[in-house]
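J.: One-letter residues, chain by chain:
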Amino acid sequence: MACKRPGCPGGGIRLLRLVLIICCLLVGCSDSLLDPQKPVTLTLWHVFGAQTDGPMNGLVARFNRTVGREKGIVVNVTAVSNSTDIHFALVAAAKKYPGAGSLPDMFITYPKTVFAIGPERLMNWKDWLPEEKRLEFISSFVEEGTVDGRLVLLPVAKSLNVLFINATIFDQFAMESGVSYDDLATWEGMFAAATRYYKWSGGKAFFKYDDWLHYSMLNTVSLGGNFFQGEKINFRDERFRKVWHRLAESALSGGVCLLGGYSTTAMMTGETLCGVGSTASVLYFKDTVTYPDNTTIPLRLKILPVPTFQEGRLLAVQRGGGLGVIKSTPQKEYAASIFGRWLTDTENNVPFVTATGYSPVKEDAHMALVKEDWPSFTSDSYKDLYKTISNMHMQHSFYVPPLFEGYGEMERDFSELQREIFSKYRKSLRNDAQISPELLHSIFQEFEQSLD
Amino acid sequence: MFSYIKKILEIRNNDSKYSINLRRRLILYLVLMAVGLLSCALLLVFTLNLSPSGDNVAVALAKDLSYYEERLSAYFGDTAARGIHLSTLAAREMERTLAEHGASFDDISDNPRLITALQRNTFAIVRNTLLFPDCSGAFIIFDATVNTSLPGSEHSRCGLYLKLANITVSRPVNPGILWTRGTHEVALENGLIFHNKWELEFATQRMPFYRKVIESASKNLMEGYYYHPAMRLHGTSEQIMALFVPIVGKDGRTYGACGFEISAMFFKLMHPVSADPDARITGLIARRQGQTILSGSGLEAGVASGYFADLGNGDLRTEQEGPLTTFSLPDGRTFVGMYKKTTLSPPVVEDAGSWVVACFIPKEDYIIAIYKNNAKILLYCVAIFGMAGVLCWYISRKCIVPLVSGIDAVKAGVAQKTNIHEIDDLLDFLAMNSQVPDVSVEDVDMSAFYAFRRNIDTLSKMEKSVFDLYLQGHSTQEIAEELHISINTIKFHNKNIYRKLNVPSRKALMLYVQMMRRVQG
Numbered sequence: 004m005a006c007k008r009p010g011c012p013g014g015g016i017r018l019l020r021l022v023l024i025i026c027c028l029l030v031g032c033s034d035s036l037l038d039p040q041k042p043v044t045l046t047l048w049h050v051f052g053a054q055t056d057g058p059m060n061g062l063v064a065r066f067n068r069t070v071g072r073e074k075g076i077v078v079n080v081t082a083v084s085n086s087t088d089i090h091f092a093l094v095a096a097a098k099k100y101p102g103a104g105s106l107p108d109m110f111i112t113y114p115k116t117v118f119a120i121g122p123e124r125l126m127n128w129k130d131w132l133p134e135e136k137r138l139e140f141i142s143s144f145v146e147e148g149t150v151d152g153r154l155v156l157l158p159v160a161k162s163l164n165v166l167f168i169n170a171t172i173f174d175q176f177a178m179e180s181g182v183s184y185d186d187l188a189t190w191e192g193m194f195a196a197a198t199r200y201y202k203w204s205g206g207k208a209f210f211k212y213d214d215w216l217h218y219s220m221l222n223t224v225s226l227g228g229n230f231f232q233g234e235k236i237n238f239r240d241e242r243f244r245k246v247w248h249r250l251a252e253s254a255l256s257g258g259v260c261l262l263g264g265y266s267t268t269a270m271m272t273g274e275t276l277c278g279v280g281s282t283a284s285v286l287y288f289k290d291t292v293t294y295p296d297n298t299t300i301p302l303r304l305k306i307l308p309v310p311t312f313q314e315g316r317l318l319a320v321q322r323g324g325g326l327g328v329i330k331s332t333p334q335k336e337y338a339a340s341i342f343g344r345w346l347t348d349t350e351n352n353v354p355f356v357t358a359t360g361y362s363p364v365k366e367d368a369h370m371a372l373v374k375e376d377w378p379s380f381t382s383d384s385y386k387d388l389y390k391t392i393s394n395m396h397m398q399h400s401f402y403v404p405p406l407f408e409g410y411g412e413m414e415r416d417f418s419e420l421q422r423e424i425f426s427k428y429r430k431s432l433r434n435d436a437q438i439s440p441e442l443l444h445s446i447f448q449e450f451e452q453s454l455d
Numbered sequence: 025m026f027s028y029i030k031k032i033l034e035i036r037n038n039d040s041k042y043s044i045n046l047r048r049r050l051i052l053y054l055v056l057m058a059v060g061l062l063s064c065a066l067l068l069v070f071t072l073n074l075s076p077s078g079d080n081v082a083v084a085l086a087k088d089l090s091y092y093e094e095r096l097s098a099y100f101g102d103t104a105a106r107g108i109h110l111s112t113l114a115a116r117e118m119e120r121t122l123a124e125h126g127a128s129f130d131d132i133s134d135n136p137r138l139i140t141a142l143q144r145n146t147f148a149i150v151r152n153t154l155l156f157p158d159c160s161g162a163f164i165i166f167d168a169t170v171n172t173s174l175p176g177s178e179h180s181r182c183g184l185y186l187k188l189a190n191i192t193v194s195r196p197v198n199p200g201i202l203w204t205r206g207t208h209e210v211a212l213e214n215g216l217i218f219h220n221k222w223e224l225e226f227a228t229q230r231m232p233f234y235r236k237v238i239e240s241a242s243k244n245l246m247e248g249y250y251y252h253p254a255m256r257l258h259g260t261s262e263q264i265m266a267l268f269v270p271i272v273g274k275d276g277r278t279y280g281a282c283g284f285e286i287s288a289m290f291f292k293l294m295h296p297v298s299a300d301p302d303a304r305i306t307g308l309i310a311r312r313q314g315q316t317i318l319s320g321s322g323l324e325a326g327v328a329s330g331y332f333a334d335l336g337n338g339d340l341r342t343e344q345e346g347p348l349t350t351f352s353l354p355d356g357r358t359f360v361g362m363y364k365k366t367t368l369s370p371p372v373v374e375d376a377g378s379w380v381v382a383c384f385i386p387k388e389d390y391i392i393a394i395y396k397n398n399a400k401i402l403l404y405c406v407a408i409f410g411m412a413g414v415l416c417w418y419i420s421r422k423c424i425v426p427l428v429s430g431i432d433a434v435k436a437g438v439a440q441k442t443n444i445h446e447i448d449d450l451l452d453f454l455a456m457n458s459q460v461p462d463v464s465v466e467d468v469d470m471s472a473f474y475a476f477r478r479n480i481d482t483l484s485k486m487e488k489s490v491f492d493l494y495l496q497g498h499s500t501q502e503i504a505e506e507l508h509i510s511i512n513t514i515k516f517h518n519k520n521i522y523r524k525l526n527v528p529s530r531k532a533l534m535l536y537v538q539m540m541r542r543v544q545g
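In order, the protein sequences belong to chains A and B. Its first residue numbered 4, the first sequence is counted upward by one per residue in this note's numbering. Its first residue numbered 25, the second sequence is counted upward by one per residue in this note's numbering.
These aren't lab readings, by the way, just hints derived from the structure by calculation. Note that the structure is predicted; figures quoted are calculated from it, not measured. Ideal Cβ positions, reconstructed from N, Cα and C, are used throughout, including at glycine. Be careful, since some hints might not be right.
[Said to hold, decoys possible] Pairs of lysine to aspartate or glutamate, EDC-like flavour, derived with a Cα cap of 16 Å:
no.: 1; chain 1: A; residue 1: K289; chain 2: B; residue 2: E223
no.: 2; chain 1: B; residue 1: K531; chain 2: B; residue 2: D449
no.: 3; chain 1: A; residue 1: K41; chain 2: B; residue 2: D300
no.: 4; chain 1: B; residue 1: K221; chain 2: A; residue 2: D290
no.: 5; chain 1: A; residue 1: K305; chain 2: A; residue 2: D383
no.: 6; chain 1: A; residue 1: K430; chain 2: B; residue 2: E213
no.: 7; chain 1: A; residue 1: K41; chain 2: B; residue 2: E388
no.: 8; chain 1: A; residue 1: K207; chain 2: B; residue 2: E209
no.: 9; chain 1: A; residue 1: K427; chain 2: B; residue 2: E213
no.: 10; chain 1: A; residue 1: K41; chain 2: B; residue 2: D389
[Claimed, not checked] Okay, the calculated beta carbon distance ranges per label pair:
no.: 11; chain 1: A; residue 1: P354; chain 2: B; residue 2: H258; range: 22 to 28 Å
no.: 12; chain 1: B; residue 1: A86; chain 2: A; residue 2: F407; range: 53 to 59 Å
no.: 13; chain 1: B; residue 1: R230; chain 2: A; residue 2: P39; range: 37 to 43 Å
Construct all of the structure, not just a fragment, from the sequences and the given hints.
T.: Structure follows, in structure tokens:
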């Protein structure tokens, strides 16, 4: 389908680009575009292992030392951040907001960012990746990165949301309270466990969700509801109202951790026992919980699928960014395509994704992972993680959220406002206060209005 | 010079009256050619910046290095000044907080409430330093710990450490900040996100300079700060350098240290060595040990548009080659450039003089630059040689061709003026000789001879001198030497003598001279 967006290049320009690319391909796949004596530099912003000793920078260094040096490409990592911050940084750079820097040549991001900065600004991977190569990728991942028939995000690594549990404390809590891991398969079980844990721990929250929009969205859809109405949240949906009321009740009773940031830090400071977050969070866990008096206890992780409501079907959202490339000269685009192909080659992709808690993006590697056909992981957390990922791939359906320009902002605002409103009412209520359906209804309305 | 050339050209255009002799003409053309070629050479040297081998590269690198060292020196100096200011504010705030709690510094350890209060009250001071960030993080370390009963507590120090959440080329006002060290409570009060590798306290055994700062602290902060060589921030892939300034109380007691973090990413983005997108130049600040620059001890930057050498932690072996230095990495990569000493810490600080700033390019770029330079020189030499050829052709056309034409004209019996004095003279001579038949004494018209004798009195003094010397039998050359005048002047006088004495030719003149000798004899 032809791109109708403003700013999208016209037929003449497209034809010229096509001719250029064909010419490049005709001369021995255009290696003449690159000169090892005068390497082309590509800047890269990525999200793998922000603030940690993540393997992505090492992978880039390896590329520069090997293929990069041979072909004449230098990849320069100029920002490592998280998916939220990188989204807003890219949007600011694309829209030339005051104080924003210039766009990098390549970046890892989610499709929501593509819509915010304009897909027409991105290189079409189909121009540089032959069809037989594209067929090696999992088709749903390719579809996710395709806009108006153009592949603008090359899948690099995919993640799922999973439930991380501090097993060191949970085992003790389970023994004394009778709660089991099986109870954590449903939200009903989670909320019940949260109530018990609050009392058992002397007033601590049981769990935290990294992205509260996902909780409402997935559970509404899982129960058969329609979470979105066009580009708006459907506050009239009864299923949404139900899942939100259940969460609000638990939050106002102290069962939900209402701190900002990621669940990993809340778990590592002993603020909460469980957290729902990306499989990639496994990289950020330390092996201890540190308390305010600087004493520590070991942090042993148990990783389970995200709970669902009893009547709901097993549904998960697949996440993980793709590699986008800003349209540029044929030389830079070709160089970026070499990097993208190298990064997704199974021999490079698999060690990288499995070190960072992601899933590989090619069919063969993915099937091998699902069949547990991998050398054993040295860490128990990683073993547990990949066992859970494997089970989820076999048992869960995958939901793809709708994509529109304001999705990123809506996702951020939803989490922030919900956390603020829960915190406000949590502070104003006594611990033993009754939470009536009328109160929940009123808070829900307040939430709807503030989000609007 | 120009008026002389103009005069010559005017003369040249004024037909034969002022014809130029061949020697002068040749000298003039050769001088003009030499001036032309010299001008071209000078033009190339000064405008195209041509010089042999790698001199150009050396000059360019020297400029880059000088500018970069000045910039870095100013940056690290300013950062140190800001660190000293931070230390002063922190000391004041700590003393105020301790007084408020009726406590002394010795009461801090094992007192979570007091530690939290200190962190709470100093938080704003640290955070404000990051509002308009000139560094990637800021910290205050109190020389105390929350729990002295823990093993290794002597290396655990409380305090607070804030880092920028995102480092990109932009410098946003009010940037996102991560809580990297410090108590949960203060972080939550201020709504800060925890760093993924947050820890409650600082592990000082990973920061050897911390202890140095504490032990050597004096009230004179200007001489007590240290720049810690680059180190890996625990649990992360981040390489950072850090400024440590002691925090000293009014009574001289050292309360701890504070300072700033400069991460490798921040340095790379904020201090590119060049903005030229085509340049592949690396700037490095690191410590030097003998002939080795410890690149892992410092920070490196590339070009603003993206080029980055990524030296890693490899030591750079240096070798001086003329004005340039060769830098070799263990992985086989070689660079060519320069380095110079710089000062980071005060001179009294140990190792203060071991820091250097270096600028270098890959050796292959250097070789290409030399090839290009030499090729350019060769090309212009060929151009100058070609121009010399053209000028030679022109000179020969102007000097030799008229000569040949004149000879051909003589051969053909046609006398044509050539504007070349020697040839015109020859042609005149031949013409006169051809017009006047040979004369013998017997054939001389005596009345003409008498007229000749009478007219001798009409000659000027100089003409008479020339005439007398002819009479004495001197040749033209001998007369010129005798009278210290040129041949051309003699010729000029000859013409006048011929005209005044009414002699048609030199031959006739010599005949009359012979007759006069006889008469006088």
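J.: None of the hints should be skipped; say for each whether it holds.
T.: Here's how the hints hold up against the structure:
no., hint, in the structure
1, A/K289 - B/E223, "10 Å, holds"
2, B/K531 - B/D449, "15 Å, holds"
3, A/K41 - B/D300, "14 Å, holds"
4, B/K221 - A/D290, "11 Å, holds"
5, A/K305 - A/D383, "9 Å, holds"
6, A/K430 - B/E213, "14 Å, holds"
7, A/K41 - B/E388, "9 Å, holds"
8, A/K207 - B/E209, "15 Å, holds"
9, A/K427 - B/E213, "14 Å, holds"
10, A/K41 - B/D389, "8 Å, holds"
11, A/P354 - B/H258: 22 to 28 Å, "24 Å, holds"
12, B/A86 - A/F407: 53 to 59 Å, "56 Å, holds"
13, B/R230 - A/P39: 37 to 43 Å, "40 Å, holds"
Checked against the numbered hints given earlier, this structure breaks none of them.
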